[in-house]
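*Asks:* Single-letter residue listing:
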Amino acid sequence: MIEDDADEQEQAEAEALARALESADASSTPDDALETASLLRAVAQPGELSQARADAVLAALGPAVARYVKPQRARVAVWIAAGGMAAAAAAALYLSVPRASEPRQHDAVAASDLPVPAPALLAAQSALSSSDAQRDLVLSRRATFEREMRAYRERMLSKLKRSYPTMVGMLEPRQAR
Amino acid sequence: MMRATRSRMLITAGLALALCFMHGCSPRDDAPDAFDVEPSAWLADLERAHAAADTDPPEAASTVLREALALPVPPEIRPAHRRVVQQDLLFRIARAELDGGHSAAALAAADRGLALGGNTDIFRANLWIVRGEALIALGRDTEAASSYYEALELNRKLLSQVLGAAGAGTP
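In order, the protein sequence lines correspond to chains E and U.
Once you know that position 75 of the first sequence is 1492 in the numbering used here, the rest is easy, because the numbers rise by one and skip nothing.
Once you know that position 149 of the second sequence is 156 in the numbering used here, the rest is easy, because the numbers rise by one and skip nothing.
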């Protein structure tokens, strides 16, 4: 059975609690009313902890706790960095390994280090480009061109041999391209 | 928890290393690997093939030149060198096919050589000429004229470079 007539003290406490719930002004509010108001607020907003409050709690706990929190983040960062470096190294390795079977077509690099063709060879080549000559003349021009071209080919292969000398032993590093 | 994750990562890395090792040590095909060929040996093979083609009849010359073309190119050989060497082989193959009466094969070899690219050099000009000859033999005169034109353009540029370089030192 509930007693309707509350005494004066109970009424004053109820008013103080009401004031504490309405405002955060604690100057004229008894401590037990403030505690009760805090409990009621906490029940109304379960599990919520603002970032500012969390930082404040962490700061209050001191560096002893922070030591266990920060290394965890640092370790994650180290793993991420290591993973990134490993991926970069794998990509660099993949790109640096030459693939012999891959056709290297359309290289725009001129073979400028090869011997310059002699004017006699170019003249013979030019003469070969005309298709209106008689058969004997064609054969003669072709023989001249092939002689000049053979000499140029020999010079070219000799130069390439000098560019890629024979390795002395298995331990000698192979030339980079 | 962290220790278990680390152990898993170590085991994975170990397995990957083992697989790489097994792949590297596994027996390969009978075909020679380009890494096994020295540039000087490859160049010597090319010289032998060219020397044989100088004296062989067209059919045999084409065969020996095609075998030289199929040789694995050592990885040290720079792309521009590889290209000119292969274009020269293809020019000679086309010429041998033409001499043997195989105009279509000659045209295919010339086109294959030109597809390797390159700039103004004598090997491309040679390929355009033999292409023109193959097209004449096939009765495609207009295309042949176009090929001869390309050859003459390259030849003119080369001659201009050579004469320009030769005349640079003269007053």
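Please note that the accuracy of each hint is not assured.
Said to hold, decoys possible - Capping the alpha-carbon separation at 25 Å, the derived lysine to any residue pairs in SDA-like fashion look like this:
1) E:K1576 / E:R1564
2) U:K164 / E:Y1569
3) E:K1576 / U:E150
4) U:K164 / E:A1560
5) E:K1578 / U:V169
6) E:K1576 / U:P79
7) E:K1576 / U:K164
8) E:K1576 / U:A115
9) E:K1578 / U:M16
10) E:K1576 / U:A77
If you are wondering where the hints come from, they were derived from the structure by calculation, not from laboratory data.
Owing to the predicted nature of the structure, the values given are computational and were not obtained by experimental measurement.
*Asks:* Taking 25 Å as the top limit, are the C-alpha atoms of K164 (chain U) and Y1569 (chain E) close enough?
*Replies:* With a Cα-Cα distance of about 18 Å, the restraint between K164 (chain U) and Y1569 (chain E) holds, given a limit of 25 Å.
*Asks:* For the pair supplied as a hint, K164 (chain U) and A1560 (chain E), is the alpha-carbon distance within the 25 Å limit?
*Replies:* The hint holds at about 23 Å.
*Asks:* Sort out whether A77 (chain U) lies within 25 Å of K1576 (chain E), counting only the CA atoms.
*Replies:* OK: K1576 (chain E) and A77 (chain U) at ~22 Å, within 25 Å.
*Asks:* Given the hint that K1578 (chain E) pairs with V169 (chain U), does the C-alpha gap stay at or below 25 Å?
*Replies:* Judged against 25 Å, a Cα distance of about 24 Å means the pair holds.
*Asks:* For K1576 (chain E) and K164 (chain U), compute the direct alpha-carbon distance and say whether it is at most 25 Å.
*Replies:* holds, 23 Å
*Asks:* Within 25 Å, alpha carbon to alpha carbon, are K1576 (chain E) and P79 (chain U)?
*Replies:* With a Cα-Cα distance of about 20 Å, the restraint between K1576 (chain E) and P79 (chain U) holds, given a limit of 25 Å.
*Asks:* Taking only the CA atoms, is the gap from K1578 (chain E) to M16 (chain U) under or equal to 25 Å?
*Replies:* violated, 49 Å
*Asks:* Does K1576 (chain E) pair with R1564 (chain E) here, judged by a C-alpha cut-off of 25 Å?
*Replies:* holds, 19 Å
*Asks:* Compare the distance between the alpha carbons of K1576 (chain E) and A115 (chain U) with 25 Å, and conclude whether the hinted pair is satisfied.
*Replies:* Not OK: K1576 (chain E) and A115 (chain U) at ~29 Å, beyond 25 Å, violated.
*Asks:* Would the hint linking K1576 (chain E) and E150 (chain U) be met if the CA-CA limit is 25 Å?
*Replies:* violated, 36 Å
Hint check: violations occur at hints 3, 8 and 9; the rest are consistent with the structure.
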